[in-house]
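Colleague: For the record, the sequence lines run as chains A and B.
Sequential numbering from 0 applies to the first sequence in numbering that gives the first Met the number 0.
Sequential numbering from 0 applies to the second sequence in numbering that gives the first Met the number 0.
In short, the hints are calculated from the structure, not lab data.
Where hints are given, some of them may not hold.
No farther apart than 35 angstroms at their CA atoms in a straight line, the calculated lysine-lysine pairs in the DSBU-like style are these [unchecked claim]:
#1 B:Lys-40 to A:Lys-56
#2 A:Lys-177 to A:Lys-1
#3 A:Lys-2 to A:Lys-40
#4 B:Lys-162 to B:Lys-56
#5 B:Lys-40 to B:Lys-181
#6 B:Lys-56 to A:Lys-40
#7 A:Lys-162 to B:Lys-162
#8 B:Lys-177 to B:Lys-47
#9 A:Lys-2 to A:Lys-219
Since the structure is predicted, the reported quantities are computational estimates derived from the model, not experimental observations.
Number of protein chains: 2
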Amino acid sequence: MKKAVVILSGGLDSTVCMSIAKSKGYDVFPLTFAYGQRHNKEVEQARKVADYYGCNKHLVVDIDFFRAIGESALTSDRINVPVNRSQEELAEGIPVTYVPFRNAVFLSMATGYAESIRAEIIYIGVNALDYSGYPDCRPQFIQAFQEVIRLGATTSDKGAQIKIESPLIHMSKGEIVKLGLKNKSPLHLTTSCYQGRERACGICDSCQLRLKGFSDAGTKDPIQYEEVM
Amino acid sequence: MKKAVVILSGGLDSTVCMSIAKSKGYDVFPLTFAYGQRHNKEVEQARKVADYYGCNKHLVVDIDFFRAIGESALTSDRINVPVNRSQEELAEGIPVTYVPFRNAVFLSMATGYAESIRAEIIYIGVNALDYSGYPDCRPQFIQAFQEVIRLGATTSDKGAQIKIESPLIHMSKGEIVKLGLKNKSPLHLTTSCYQGRERACGICDSCQLRLKGFSDAGTKDPIQYEEVM
Chain A
0 MKKAVVILSG GLDSTVCMSI AKSKGYDVFP LTFAYGQRHN KEVEQARKVA
50 DYYGCNKHLV VDIDFFRAIG ESALTSDRIN VPVNRSQEEL AEGIPVTYVP
100 FRNAVFLSMA TGYAESIRAE IIYIGVNALD YSGYPDCRPQ FIQAFQEVIR
150 LGATTSDKGA QIKIESPLIH MSKGEIVKLG LKNKSPLHLT TSCYQGRERA
200 CGICDSCQLR LKGFSDAGTK DPIQYEEVM
Chain B
0 MKKAVVILSG GLDSTVCMSI AKSKGYDVFP LTFAYGQRHN KEVEQARKVA
50 DYYGCNKHLV VDIDFFRAIG ESALTSDRIN VPVNRSQEEL AEGIPVTYVP
100 FRNAVFLSMA TGYAESIRAE IIYIGVNALD YSGYPDCRPQ FIQAFQEVIR
150 LGATTSDKGA QIKIESPLIH MSKGEIVKLG LKNKSPLHLT TSCYQGRERA
200 CGICDSCQLR LKGFSDAGTK DPIQYEEVM
């Protein structure tokens, strides 16, 4: 059975990625990064998703690095998570929640892991449409990283190049929700809120995108929110 | 004063890189990875080198990842470090001491750090001649990673592309030693031995390369060895 590493955050997108890897018949090895988010809710939900899929192994890696360099609202306690921003504001520039070069760090480690377990593919749930503010979510970035793998991984020399799959990269949040439902992904186990409290806030950028996605897909989000929606 | 991130392992090559960055007039920010080596001798020596250069800040990042995926002799206790290998054996294939995709992980984090402190350059002491067994030490790999930075770092969009400098990449170990002496690098503070004991073993691959380098440079290695050389 062929192996896939799936970068699993416990969010909506990476959970739908899990369902895609499973539907292709891969033996799935979820890889989760605990990187000094303000909260550990994401990691907790990632564990539930890995359990749901009956994965034999779920590697959770602690990276203190992003807190150490801490500039972003997701890792630093000194910056507030922006809430209630308009669609126009959401479309503007690089958000304060950007974690410097995060996806490169994630992909580097995922590649090292794939090398060590002889996995042939890495799934990452990056999305270029809804997160256009993050430069490391662009298709060109993923392509450039593929080239780094070709030239830097030992397996490439043996003719077994590890491939990055980013199946959600051109999909809207509504399409991702629809695909998740079709694949029977455990969307009720996912979390997207930047605030990381017991219930989702419903007003941070990430909650807004998620709610719009469910709305566009014509269905109700199964998770619980603090505000009455 | 312009800032440079220097990836500093406490070894010979990265310490010579420090001296190059200093000679170019950079405000140097050393970055050291504690990544589950069997020993912490390297990190200890890195601190001494950073102190020697009077750096204001020395970021030491713990990465448990390589131990978690642990396959290599440098991080796993179950694989023995090879010793007393011939020049022919040293030239053969990928050594057991290879840490999967290590330089990509290091460069990713160095780029995130450079973004956050607004550094314009990253120095890395990779070397393609003496370590040809590691695919992530090849010039093509460094070039490909430069492209990942161009496409994935936020600073690139602002026209301030972070540049990777690998000034030792085509140098022999003898040339590196000579340059270190010319730049008055604290070579006596560096460590290269894979075994990580109080004194260097003199017989692992890394000690052999180092000793050959000093011999080729026509000088004596100032550090202490267990064996009488």
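Colleague: In ascending order, which of the hints set out earlier in this document are inconsistent with the structure?
Modeller: none
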